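Enquirer: Chain residues, written in single-letter form:
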Amino acid sequence: MKVAIFIPCYINQFYPQVAIATLELLEKLGLTVSYPEKQTCCGQPMANAGFEHLTGSCNNLFIENFSGYDYIISPSGSCVLHIKDHLHSSIKEQDAISMRAKVYELTEFLTDILQVKNITSKFYHKVGLHQSCHGQRGLKLSQMSELVAPAFSKPEHLLRMVEGLELVPLDRKDECCGFGGTFCVGEEAVSVKMGKDRVADHLQYGAEFITANDMSCLMHLEGILKRQKSPTKVIHIAEILNAGV
Amino acid sequence: MATDTTIMNHTTTSDHATLADKFNLDEPRVDWHDKTLWFIRKKRDKAAAQVPDWEQLRESASQIKNNVLSNLHSYLLEFEKNAQKNGITVHWAVTAKEHNQIVHSIIQEKGIAQVVKSKSMLTEECHLNEYLLAQGIEVIDTDLGERIVQLAGEPPSHIVLPCIHWKKEEIGELFSRHLGTPEGNSDPQFLTTAARIHLRQHFLSSRLAITGVNFAVAETGEIVVCTNEGNADLGVQLADVHIACMGIEKIIPQRKHLGIFLRLLARSATGQPITTYSSHFQRPRKGQEMHIVLVDNGRSERLASNDFRNALKCIRCGACMNTCPVYRRSGGHSYRYAIAGPIGAILAPGLDMEKHADLPFASTLCGSCSHVCPVKIDIHDQLYKWRQVLVKNGHVSGTKKVGMKGLAFILSHPGLYSRAGAVGRWLMKHVPGLINNKFNPWYKQREMPDVPKQSFTKWYQQNRISK
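The listed protein sequences correspond, in order, to chains A and B.
All residue numbers for the first sequence refer to the numbering used here, where the first residue is 1 and numbers rise by one.
All residue numbers for the second sequence refer to the numbering used here, where the first residue is 1 and numbers rise by one.
In case anyone wonders, no lab produced these hints; they're calculated from the structure.
There are no misleading hints in this set.
Covered stretches of chain B, going by a simulated chain A footprint (3 or more residues, C-beta under 8 Å):
1. 43-55
2. 361-369
3. 421-435
All of these numbers come straight from a predicted model, not from anything done at the bench.
Quick reminder that beta carbons are idealized off the backbone N, C-alpha and C, glycines included.
The shape of chain A in the complex, shown without the other chains (with noise of 0.2 Å):
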């Protein structure tokens, strides 16, 4: 099995350690992960504030590091979704097709493919799982609230084998956080407004961290927890997968 992680931009800039948990992660789970190191982007802040026109090198750049891979797996659900629907190229499409098939968040990679049976971290915490939209609705990683259909939940599944885990419980267990990208700024007061509704649903329930598959989300809560010097913080699902070992 040929892996490789897909790192997004902002989180190998901002936020190293969750690239760090997610790669120590599949290899504590025997595998051998490669990480190109040319990777940047998946195209994504351009496409959804209307430029998808802008993203064809970058698209080809990501083939170009990708190629010959058997997984490709991310700590996103977001940027997962956006190469599934969204990587074309008009050198390589079928190498794109076939890419786009190959592209995984980890948790639905930990889920589907490894079916992994049991995790060995511990984390003494009460816990807010925030189940990122793109992850959620449009990967399909749980269940949403929307639809008539049986639940599910591939991060509440993992988080679940965690030793000294607490998930508390939310009111709303699947609205937006509202960070949404270029939304985040340019919609700055309703944005805010969705975050801090967010995050008092966490806080309402004794929550000591915020976690979710977007790290996207989690800055977003993150910058309002601060905000409101709240001593509750957040962290990335692979983070708790990985973390007293």
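Place chain B on chain A using the hints.
Expert: Frame of chain A; chain B shown alone:
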């Protein structure tokens, strides 16, 4: 020059972000608005869960609507033929203006100065009330919520709950000013009774009633109007003339299909199993005149577009608004269009791209709307597609264009990207004031992330490659 004008337009007109910003000045009110609408979303969830095979019902509705859109031409002609057979006069309007002129000419012919109208989003879209008022004809909206916003001189803020942004105390004050109810009385039952007495005079005196149309059945030539207040029936039954106004997408092939749509509509809209009244109008009663105005107003153009055709499946239930975390926290008026929320944001740019260029960006693309939609419109995917169309057509600020070009350049050059990251981290660490200032919208109400000493790539080189 063109760039400058674009920037000016974006800063001088009140776009969604600016209006949402204003709406958020009163945070407790935002909380109240959000909770009120979320309550309806939860009611919808409960109602949907009680129907066996809800998801199959949605799929059926979606497929029926797909069929309608693929064969709209023949269904419309079938509907016209059957409606005419029933004694109904059928009119066709290409534009909103033509629709308004047709309605006006019918009213004028009868020499009528005041008409009653039950809820119709199409007439809101066409600005019929303003048009008729300019011709000296007064329209009395008879849906309670619509009457409230009409008295207040406002457009509806929600397609199903037009005055959802009004509190009962404020309605008490409004009624006291306009209907003479005692000051300070905001008891809902009392106010509703006052509205009933007020509206009854208009029902009794009005010789012409306008209604919208929820469904038009091709097979029978009948229309179905859903209300909770019975105001459509009361208006029509007491009037000599009935004008029903509908967009051409309201067609369903057969009467039996109502069994699917009526079950979905009320549950999706308010969580009720069915609207109190589902009124069928098939022919004018003896001595009455009945007209149906079929309106295109851009719909044919939408029908021709693979990316945006799907939006014509909409049955106007408003579920996408109730579920939308942005709508709940920005209010319907921030969309500046008759149909607010996610569905409005994909319909409005089709009518006037420049005027509504901001709406597809008033979303986090969370996708809740597409999954709550009873006819499975891919709303959030269309929002994404509209963004591409808007940018390609130049409806974007010059600064954003330059910024995105720069970003795309950096992200396609790994060496440059890694240096830019290092410079960025250094600046954030050593000159925080450069970023943590009032010109940074992120920093206004949020802290910036802590700056790590190195990127993951650097760490990887030190800990994996060199080892």
